[in-house]
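*Asks:* Listed below are the residues making up each chain.
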Amino acid sequence: MYLWFNKLGSPPHFYRIAGKWLPWLSAVFALLLITGLYGGLVYAPTDYQQGESFRIIYIHVPAAWMSLFVYVVMAFCGVVIIVWRMKLAEVVLISSAPIGASFTFLALATGSLWGKPMWGTWWVWDARLTSELILLFLYLGVIGLHSAIDDKRIASRAVAILAIVGVVNIPIIHYSVEWWNSLHQGPTVTKFDKPSIDMRMLIPLLIMALSFQIYYVIALFQSSRAELLRRERNSKWVAELSGGN
Amino acid sequence: MNRLSLTQAFIFLLRRDLTLVFRNRGELANPLLFFILVITLFPLAIGAIPELLARIAPGIIWVAALLAAMLSLDSIFRSDFDDGSLEQLLLSAHPMPVLVLAKVCAHWLVTGLPLLIMAPVLAEMLGMASEAQGILLLTILIGTPVLSLIGAIGVALTIGLRKGGIILSLLVLPLYVPVLIFAASAIENAALGLDVSAQINMLLAFLFLALSLSPWATAAALKMSMS
Amino acid sequence: MSNTALLQINDLSCIRDDRVLFEHLSLSLDGGQMLLVEGRNGSGKTSLLRILTGLKLADAGDIFWQGQSITRLGADYYEAVNYVGHHDGIKRELTCLENLRLVQAMGKPAPIELDDALEQVLLYRYGDTPVGNLSAGQKRRLALARLLVTESKLWILDEPFTSLDKKSMDYFQGVFEQHIQNQGMVVMTSHHEMVMPGPSLKRLNLSE
Amino acid sequence: MSEFLNMGGYAVYVWSSYGLAALILWLNWYLPRRQHQQLLQQNKRRHHGTGE
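So the protein sequences, as listed, match chains A, B, C and D.
Per my numbering, the first sequence starts with residue 1, numbered consecutively.
Per my numbering, the second sequence starts with residue 1, numbered consecutively.
Per my numbering, the third sequence starts with residue 1, numbered consecutively.
Per my numbering, the fourth sequence starts with residue 1, numbered consecutively.
Treat the hints as calculated values from the structure; they're not laboratory data.
These numbers were taken from a predicted model, which means no experiment stands behind them.
Hints are not guaranteed to be accurate.
Said to hold, decoys possible - Heads up, simulated DSS-like pairs for lysine-lysine below, C-alpha to C-alpha not over 30 Å straight-line:
#1 C:K153 with C:K167
#2 D:K44 with A:K87
#3 C:K56 with A:K236
#4 A:K116 with B:K163
Can you build the whole structure from these sequences, using the hints too?
*Replies:* What follows is the structure, given as structure tokens:
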């Protein structure tokens with residue numbers, strides 16, 4: 001296993017593999033997205049309580065799941081950076097940050113768009129939305145810290161430590177906010193996180209979640225390849241790559 | 001002669017930091033003045049309606065304490081970073097997390113403790129219920145060390161940056177949210193005469209978690225910033 | 001004693017913003033030897049020294065002390081090392097004695113009275129004056145006094161003679177020679193020519 | 001079809017959510033891709049000829 005881990009770790013190898021996989025992944029993503037959208041927008045029945053506005057769930061919930069998933073991936077890369085000092089993990093971590101932040105922002109925006117018709121306000125201090133907002137700050141912290149340090153090798157180790165500290169704090173923040181929300185329980189009970197179990201609603205949701213996962217890998221490969229070129233611009237393999245063709 | 005024991009080194013560094021602070025006493029008052037200033041802004045902004053002020057007093061005091069603590073974080077490592085003694089600490093014969101803990105303790109004694117002394121006066125000014133003031137002190141006693149410990153990680157990460165201040169608040173404030181939530185609600189419950197043991201236990205849990213984990217993270221971040 | 005030298009450097013390389021400072025640098029240093037690192041400014045002398053202390057991470061290669069990698073040794077390696085860098089590493093607000101007491105507390109104390117150490121570096125009269133009032137030369141002497149008050153095998157010195165007058169330079173050169181004779185080790189950079197007996201002096205030029 | 005577009009009166013919210021999602025997903029793919037092309041160009045110029 002170590003050999004594979006090490007081989008994958010070598011930038012030129014990853015650069016080529018990612019390049020080869022991108023078209024296939026895009027095809028799979030397109031397929032999943034179309035079925036997911038069709039399922040969510042047409043196939044799934046209207047929610048008896050919220051009417052059609054519940055269909056925003058097919059963007060909001062997958063985005064929220066992804067915002068958490070990407071941060072956990074970043075923290076894992078952080079551990080790999082600190083322990084094995086793997087260049088690729090540094091690139092993956094910093095390339096994932098903007099994607100994770102975008103998912104978090106998307107979850108927040110769609111949450112607010114979903115809340116408006118139901119409660120007449122754009123922002124509701126709901127437990128999930130508040131945790132999501134704090135998670136966005138954690139992402140912006142990672143991006144801000146990385147861009148503030150000039151030497152990118154040091155910057156990667158700094159954000160590695162921050163991502164690890166962040167991931168330890170995410171559950172703490174989440175349950176604190178959950179507990180806080182139960183204290184100041186507003187008049188409306190939010191129905192965000194417990195989608196009704198009707199199969200015809202759930203299946204499109206899972207398909208959309210899967211398509212978001214594939215999308216993350218595509219966007220990650222794309223930005224990692226760019227970051228690799230920037231970081232390794234004076235290494236041999238980049239010279240061959242650009243001098244060659 | 002062999003090297004000092006760990007506790008001796010800890011106490012030595014703690015004493016050194018405290019003498020350093022008393023050598024330039026001017027800075028000592030800054031966090032305190034900031035704390036008082038921020039709190040006096042609220043009545044001016046919201047109006048001096050007693051019930052309203054008393055109701056939001058716990059929140060105001062804790063937000064002000066949190067901001068005062070954060071502003072003073074920079075002084076933990078700044079002077080040592082500038083004159084090169086931070087390098088010498090990193091290269092000392094003692095494990096770095098213990099030395100970091102000594103410096104964070106010194107910082108807490110210099111910033112956290114004065115807040116503790118000042119808080120009742122301000123609570124009185126805001127008309128906070130007297131039963132709540134006892135719990136207010138308890139939350140500040142337990143909470144401010146957590147602010148220093150977590151803040152030390154942020155400072156260690158941003159010490160090498162020219163304009164670290166803004167980034168520091170972006171890194172540290174989200175991590176302060178749990179402490180703020182449980183501290184403010186503890187005081188609120190106390191004001192209503194309700195039980196506060198749940199909140200206090202959570203604050204203690206945060207304290208022990210921070211005590212055990214953050215020195216290691218800070219030491220790693222310092223080593224990285226000096227690299 | 002393992003057959004390899006006390007300090008072993010294998011295939012070290014260091015890159016600073018796209019410029020390769022040095023690459024595939026391998027050498028070893030044993031007790032009783034001094035390594036003089038030369039090279040024009042910006043050739044990576046300071047970076048090499050900081051990597052040797054473990055403060056800075058090399059881009060590639062590793063360093064072994066008594067056969068073990070210094071990253072794994074951590075504080076044990078630091079106990080055997082004394083580093084004097086560009087910064088003096090002393091607190092302005094503390095007096096000379098207080099600074100030396102701190103240095104001893106943080107390292108392995110040498111069996112010497114602090115007053116004697118101050119005497120040797122001609123700072124006895126300033127024992128109780130805050131360092132902030134001293135001249136650059138006096139501060140440098142106090143910084144170098146760390147070598148007298150703590151016991152360490154490997155001295156890593158970055159331009160130790162900066163802002164020292166001739167008299168102090170000769171004195172410290174004597175201290176270094178004494179350290180080498182007691183099987184100690186010194187790695188240093190300096191613009192001043194070192195007069196050392198041949199076999200125990202190694203040179204490394206980073207700018208060719 | 002128009003009934004579908006109307007989304008039971010919530011058209012504004014539903015379609016702006018999906019529109020925003022499309023925009024964000026596209027941006028996160030397009031920006032790195034364009035940056036990648038630019039870097040390839042820069043490298044070609046840097047390593048022009050025999051790639052010194």
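*Asks:* Now tell me if each hint is right for this structure.
*Replies:* Comparing the hints with the structure gives:
no.	hint	result
1	C:K153 with C:K167	holds, 25 Å
2	D:K44 with A:K87	holds, 23 Å
3	C:K56 with A:K236	holds, 25 Å
4	A:K116 with B:K163	violated, 39 Å
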